[in-house]
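Enquirer: For reference, the chains in residue letters:
Number of protein chains: 2
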Amino acid sequence: MTELDRWVLSQSERFLEELKTLLRIPSVSTDPKHAGDCRKAADWVADHLRKLGCRDVQLLASDTHPIVWGVGPDVPGAPTVLIYGHYDVQPPDPVNEWTSPPFEPVVRNGDLFARGSTDDKGQVFAAIKAFEAICQGGKPPVNVRFMIEGQEESGSRLLFDLLNKEPERVAADAVLVSDTSYFAPGWPAVETGLRGLCYTEIEVRTSKTDLHSGLYGGAVPNAHDALVQILGKLKTPDGKIRVPGLYEAVKRPSAEERKAWKKLPFSEARFLRDEVKAKALTGLKPYSVLERTWALPTLEIHGIMGGFTGEGAKTVIPAVATAKVSLRLVPNQKEKTVQKQFLKAVKAAAPKYADVKVRFLHGADPVLVDISSRPFQHIDRAFREVEGRGVVPTRSGGSIPVVPALGKKGAPVILAGIGLPDDRLHAPDEKINVEQFYKGIRAFARFLTYMGDG
Amino acid sequence: MTELDRWVLSQSERFLEELKTLLRIPSVSTDPKHAGDCRKAADWVADHLRKLGCRDVQLLASDTHPIVWGVGPDVPGAPTVLIYGHYDVQPPDPVNEWTSPPFEPVVRNGDLFARGSTDDKGQVFAAIKAFEAICQGGKPPVNVRFMIEGQEESGSRLLFDLLNKEPERVAADAVLVSDTSYFAPGWPAVETGLRGLCYTEIEVRTSKTDLHSGLYGGAVPNAHDALVQILGKLKTPDGKIRVPGLYEAVKRPSAEERKAWKKLPFSEARFLRDEVKAKALTGLKPYSVLERTWALPTLEIHGIMGGFTGEGAKTVIPAVATAKVSLRLVPNQKEKTVQKQFLKAVKAAAPKYADVKVRFLHGADPVLVDISSRPFQHIDRAFREVEGRGVVPTRSGGSIPVVPALGKKGAPVILAGIGLPDDRLHAPDEKINVEQFYKGIRAFARFLTYMGDG
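The listed protein sequences derive, respectively, from chains Z and R. For the first sequence, the working numbering gives the first residue as 2, with consecutive numbering after it. For the second sequence, the working numbering gives the first residue as 2, with consecutive numbering after it.
Derived by calculation from the structure, the hints in this document are not laboratory data. There's no promise every hint is true.
Since the list can't tell identical chains apart, any single copy or any two copies may satisfy a pair.
[Said to hold, decoys possible] Below, a list of computed lysine-lysine pairs in the DSS-like style, where the Cα atoms sit at most 25 angstroms apart:
| hint | residue 1 | residue 2 |
| --- | --- | --- |
| 1 | Lys21 | Lys440 |
| 2 | Lys353 | Lys278 |
| 3 | Lys353 | Lys234 |
| 4 | Lys286 | Lys234 |
| 5 | Lys241 | Lys337 |
| 6 | Lys348 | Lys278 |
| 7 | Lys348 | Lys241 |
| 8 | Lys358 | Lys278 |
| 9 | Lys209 | Lys286 |
| 10 | Lys234 | Lys348 |
| 11 | Lys280 | Lys358 |
| 12 | Lys234 | Lys335 |
| 13 | Lys286 | Lys241 |
| 14 | Lys353 | Lys280 |
| 15 | Lys341 | Lys234 |
| 16 | Lys280 | Lys348 |
| 17 | Lys241 | Lys209 |
| 18 | Lys21 | Lys34 |
| 19 | Lys209 | Lys278 |
Just so it is clear, the structure is predicted and the values come from calculations on it, not from any experiment.
Please put together the full structure from these sequences, using the hints given.
Expert: This is the structure in structure tokens:
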């Protein structure tokens with residue numbers, strides 16, 4: 002145990018209470034009702050950075066969902082690390098499936114439960130506390146900048162705009178992003194690839210108004226029928242997406258990369274039993290589960306609106322039905338190309354009597370990360386010391402749309418998260434393991450120190 | 002113009018204002034939140050019957066959704082007419098598609114718009130006002146009983162129970178039901194057949210909790226996917242229901258009956274343009290539109306719940322999805338048999354990884370009415386005098402589940418409504434034509450008078 006580790010241990014209760022305070026703010030960025038809460042979370046983070054000695058703390062680009070910017074003490078001649086994260090969270094729906102309320106953080110069996118606990122408040126806060134740790138001796142050994150946004154869950158539009166106008170914000174020697182997870186407990190990871198996203202709404206209209214199923218049923222179109230026909234045509238039951246051209250751009254991971262994945266401690270049976278908790282896995286059987294979730298595109302239905310969904314039995318033939326559907330994209334697919342392919346496939350799948358519209362709500366291109374530079378050696382060493390094992394190169398099936406923009410000035414983007422695979426991000430009972438939170442602080446503090454050494 | 006007609010004309014404004022008062026009560030019986038409003042509507046109807054001279058006015062069987070019972074002045078030796086109707090209404094959803102608020106009745110261009118205006122408050126109130134009209138000369142010429150329920154839109158359970166215990170309530174020489182519509186403007190109709198109903202909810206569960214589509218997408222089941230697969234298998238795109246055995250019991254209308262339907266003033270093109278307002282009709286092309294909507298079973302999706310349907314873009318793989326689906330049944334299908342057939346078909350259509358439950362919410366057997374008895378001659382004469390044309394025998398695609406119970410003591414059940422085909426019952430902008438309301442009062446008053454003559 003180093004002096005650093007002892008200090009983190011001595012402060013651990015305070016750190017946890019501080020994190021809980023942040024988690025109590027329901028900063029759901031996808032819901033306009035929570036705009037005020039997003040601002041509240043931004044103010045809290047900004048105040049916190051000020052208290053830790055940051056200069057030039059600012060709320061950038063928005064009154065409601067600002068990007069929190071902060072600069073650590075000036076360390077002339079030392080390298081610069083940019084720390085990126087986000088204070089916004091996913092909606093807590095379905096709220097009734099949470100064991101405890103999503104915005105009342107509570108520890109049970111070593112896990113801290115709350116919306117945002119792992120995605121991303123708990124993780125970005127571990128990086129902030131690492132900064133606090135390296136400031137204990139007076140001046141930190143490295144220049145640190147913080148860029149903590151409030152729209153990661155809703156498209157990062159403000160941050161994209163800011164970085165278009167002010168690209169120098171990401172000029173650094175490394176960008177540290179803690180918004181992902183270990184491969185498994187005891188197996189820290191860096192992500193070498195992220196899937197992209199194309200989030201859409203398909204709206205089908207089949208008549209001017211809803212119609213009574215008694216009077217008209219049997220002779221008139223039903224918007225849900227049409228939608229079911231369309232959705233049924235977009236994917237085969239075994240998971241092959243039937244959007245013409247979609248697979249053409251897909252670049253399969255190299256044989257070497259796939260071979261490395263086989264060595265990871267992954268058991269399909271355990272994955273099914275402990276994480277997925279379903280009767281069976283699905284998807285394209287010729288490919289491994291890791292390839293299916295990391296390196297193949299997907300199409301998922303998230304929800305269907307329209308008609309009557311209230312209490313009881315209303316016998317209405319719906320005029321309008323809407324489905325929220327998204328595709329995950331993989332290298333070398335392009336979001337813009339997929340939008341065109343998807344639109345064409347939806348129109349082709351629609352019955353003639355239906356008017357179909359497709360809206361594109363949100364998206365990101367997929368990412369491949371080159372992990373050959375020196376900062377990756379530092380993060381590897383940091384985790385090796387804390388965890389007894391260095392970082393393994395993996396991919397993530399999820400998207401962090403802003404990653405390409407973070408690297409646009411040439412800094413290597415290190416995606417080294419401290420979540421665990423069963424953290425249930427975006428789902429009820431999201432949690433962060435409390436020990437992981439402390440390990441993250443200790444690993445990130447080491448990483449910042451080694452970065453200072455050059 | 003008879004004295005009766007002149008009196009109705011003289012009272013017409015008052016009648017309309019009274020109806021509006023009843024329409025302002027949001028007596029939605031399918032929604033427990035409106036239980037108090039249902040009681041309010043029952044109280045209003047009961048008070049009204051008392052004011053009109055009814056004896057023995059009672060609220061039967063429930064505190065919240067009672068059956069309003071009332072008996073007109075005793076006319077020894079005269080026949081008895083039972084008037085059935087309902088004061089409960091369908092939910093107003095989707096509320097934002099109404100031109101004016103559903104519970105703020107307003108007349109535009111000769112139509113009175115409100116939820117319940119035609120189904121059934123406006124119609125049953127026309128029968129009540131007919132009773133008021135025949136009481137003007139002192140004693141009415143016939144014994145009248147009222148049985149006005151508050152659960153027609155949610156299964157009539159209380160009324161079924163009441164009639165099981167007290168079948169004498171429906172001992173009468175005729176039962177008048179005004180809860181249907183003319184075949185066309187100027188074409189009053191009696192229904193010789195009603196479709197039945199089997200209203201269900203299909204619930205599909207594919208995992209313990211919702212899962213993140215980034216982390217798991219490509220390898221795990223999606224409840225909406227499973228539901229789309231099931232729904233896609235239950236009906237062909239042209240409308241054939243793929244529930245094994247379903248069509249076996251269907252008794253096709255006689256060649257004679259179908260020939261009579263061909264003489265009705267029905268134009269497919271006008272039906273599509275003025276009523277349905279869609280790009281095209283759908284359904285089983287070998288059969289006429291009237292046969293499809295009157296005498297063939299249907300399967301309709303009313304709404305789909307589960308996953309994320311809020312504002313924005315939540316990338317969740319839903320664990321649970323539920324569809325509201327109903328089938329319309331025709332002579333000689335039986336609701337109980339169809340339930341079994343449907344359950345089997347749903348289970349067979351479900352992917353292996355899905356747990357499927359089917360709930361049966363509500364239903365009714367189909368009905369065939371024999372229209373050869375004398376009261377049908379009276380209703381024919383009544384409408385012939387008011388409208389210049391007698392009643393044409395038609396069928397209805399809708400269900401009035403209580404009809405068989407109303408006829409269980411042998412009284413002929415006369416389904417002679419005063420709605421018009423474009424009244425949009427169960428849909429936004431439901432209306433009743435104000436002139437139809439007055440014609441109904443005049444025709445029903447004549448009918449009651451002729452019934453008194455024997």
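Enquirer: Take the hints in turn and mark each one as holding or not.
Expert: Structure-based check of all given hints:
no.	hint	verdict
1	Lys21 - Lys440	within (17 angstroms within a copy, 69 angstroms between copies)
2	Lys353 - Lys278	between (40 angstroms within a copy, 15 angstroms between copies)
3	Lys353 - Lys234	both (15 angstroms within a copy, 20 angstroms between copies)
4	Lys286 - Lys234	both (20 angstroms within a copy, 23 angstroms between copies)
5	Lys241 - Lys337	within (21 angstroms within a copy, 39 angstroms between copies)
6	Lys348 - Lys278	between (35 angstroms within a copy, 21 angstroms between copies)
7	Lys348 - Lys241	both (19 angstroms within a copy, 23 angstroms between copies)
8	Lys358 - Lys278	between (35 angstroms within a copy, 19 angstroms between copies)
9	Lys209 - Lys286	between (43 angstroms within a copy, 22 angstroms between copies)
10	Lys234 - Lys348	both (11 angstroms within a copy, 21 angstroms between copies)
11	Lys280 - Lys358	between (35 angstroms within a copy, 15 angstroms between copies)
12	Lys234 - Lys335	within (22 angstroms within a copy, 34 angstroms between copies)
13	Lys286 - Lys241	within (10 angstroms within a copy, 33 angstroms between copies)
14	Lys353 - Lys280	between (37 angstroms within a copy, 8 angstroms between copies)
15	Lys341 - Lys234	within (17 angstroms within a copy, 29 angstroms between copies)
16	Lys280 - Lys348	between (34 angstroms within a copy, 16 angstroms between copies)
17	Lys241 - Lys209	between (34 angstroms within a copy, 24 angstroms between copies)
18	Lys21 - Lys34	within (22 angstroms within a copy, 37 angstroms between copies)
19	Lys209 - Lys278	between (42 angstroms within a copy, 5 angstroms between copies)
When the structure is compared with the earlier hints, no violation turns up for any of them.
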